[in-house]
Amino acid sequence: MIGCYDFCGHYEWTFAWLERQGGHALVREYWEQAIYRDSQRHARELIQGEGFAGMGKYWGHTLTEESPDLGFAITDQPGVFRIDMHQCPSKGFLLRNGLEQYRDYCDHCMGWVGPLMREAGFTIDHEHNHGGQCWWELRPAGERGEHAAPGSVAGERDVRRRPDWAPPGATLDRYVKASDPDAKERAT
Amino acid sequence: MPSEDNRPTAPSPLPYTDTKPVGSADFYFAINATFRFLLTRLGREGWVRYLEEMGRAYHAPANRRWREGRLPAVASYWRTFFAAEPGSDVEVVEQPDRVEVRVRVCPAIRHLRAGGREIVPEFCQHCYHLGRARAEAAGMIMRLAGGNGACCHTYAEPEAALPPQDPAAITTVPA
Numbered sequence: 001m002i003g004c005y006d007f008c009g010h011y012e013w014t015f016a017w018l019e020r021q022g023g024h025a026l027v028r029e030y031w032e033q034a035i036y037r038d039s040q041r042h043a044r045e046l047i048q049g050e051g052f053a054g055m056g057k058y059w060g061h062t063l064t065e066e067s068p069d070l071g072f073a074i075t076d077q078p079g080v081f082r083i084d085m086h087q088c089p090s091k092g093f094l095l096r097n098g099l100e101q102y103r104d105y106c107d108h109c110m111g112w113v114g115p116l117m118r119e120a121g122f123t124i125d126h127e128h129n130h131g132g133q134c135w136w137e138l139r140p141a142g143e144r145g146e147h148a149a150p151g152s153v154a155g156e157r158d159v160r161r162r163p164d165w166a167p168p169g170a171t172l173d174r175y176v177k178a179s180d181p182d183a184k185e186r187a188t
Numbered sequence: 189m190p191s192e193d194n195r196p197t198a199p200s201p202l203p204y205t206d207t208k209p210v211g212s213a214d215f216y217f218a219i220n221a222t223f224r225f226l227l228t229r230l231g232r233e234g235w236v237r238y239l240e241e242m243g244r245a246y247h248a249p250a251n252r253r254w255r256e257g258r259l260p261a262v263a264s265y266w267r268t269f270f271a272a273e274p275g276s277d278v279e280v281v282e283q284p285d286r287v288e289v290r291v292r293v294c295p296a297i298r299h300l301r302a303g304g305r306e307i308v309p310e311f312c313q314h315c316y317h318l319g320r321a322r323a324e325a326a327g328m329i330m331r332l333a334g335g336n337g338a339c340c341h342t343y344a345e346p347e348a349a350l351p352p353q354d355p356a357a358i359t360t361v362p363a
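If you're matching them up, the sequences are chains C and X in order. Just so we're aligned: the first sequence equals residues 1 to 188 in my numbering. Just so we're aligned: the second sequence equals residues 189 to 363 in my numbering.
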């Protein structure tokens, strides 16, 4: 049986398998069709129906179930919904178990959240550091401009204020007002 | 790794471990959706190939333990595995030439039903294709009977000479 206890492990393995079968296009199609439109239909219903309130309901439940030690923070303010992930349970599972078949597991989040937000009328600012830490700011589509300054939305809970956010040699993948999983810039 | 009182702790029978005692049941939604995607996009042959290759590659560390530890390792693995699957009700029975994993409540079928998800009809076959590939990698054989929420997986030494798998013995999940 394929289990849910190690889901992140075989999920990550699946990305690499799909890429060998049909290239990057098939991996993108998988994230959008299987994960966003099928698996995560409850997220779509909540967020398309209720906007920021739906985001709170969806991620409040999902992150608490996946990360019961609360290695994350949610900041819900007028005009922006922000998640700071200090200890991603999903990437953390892979790091602890030495699992890496696909070049960037973290891309899967933008792979399904991107299409969801595009259709729900939101745009995404996001960075991940490949070490189990990331942040997301979701705003109404049409907003422009660069990333908000560290701490300006989440205060001390902003993951970018951690001393280990960007250690020497780390790479940061960043999205600015985006919804496409391939719209990322990489910085070292 | 030693425990807090410095007694050595037994390594988990599972090669991959988590900090949570049980997994998140909503991941069954993604497993079912992955099957639907593969069956639609790559066909049944592609889906079976996916399961077989996952069985040989992703599960290779556990398969090696099975090859070395034989049936006791298989039994220990499944006991620990199902203890981490939320909502399962499973008995693992060890016999001289086989291990029977008697699933009274399949946690995946249970959660998919509770969530109102359309389960792919082939869902229960995945346990056979995956389990057979893993058993063969460990020098054993695997058979499956039942499905749709309750079933029995049998892992056996070749000497058990189990009859070939009857495809009709695996229940199709009704729409």
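Read the hints as simulated data drawn from the structure, not as lab findings. Note that the coordinates shown come from a computational prediction; the quantities given were computed from them, not determined experimentally. Among the clues, some could well be false.
[Claimed, not checked] Partner residues are not named here, just some residues of chain C that face chain X (Cβ under 10 Å, in silico):
| # | residue |
| --- | --- |
| 1 | Gly22 |
| 2 | Gly23 |
| 3 | Ala34 |
We treat Cβ as the ideally placed atom computed from N, Cα and C, and that holds for glycine.
The hints, checked one at a time:
no.	hint	in the structure
1	Gly22	holds (8 Å)
2	Gly23	violated (13 Å)
3	Ala34	holds (4 Å)
Hint compliance for this structure: hint 2 is the single one not met.
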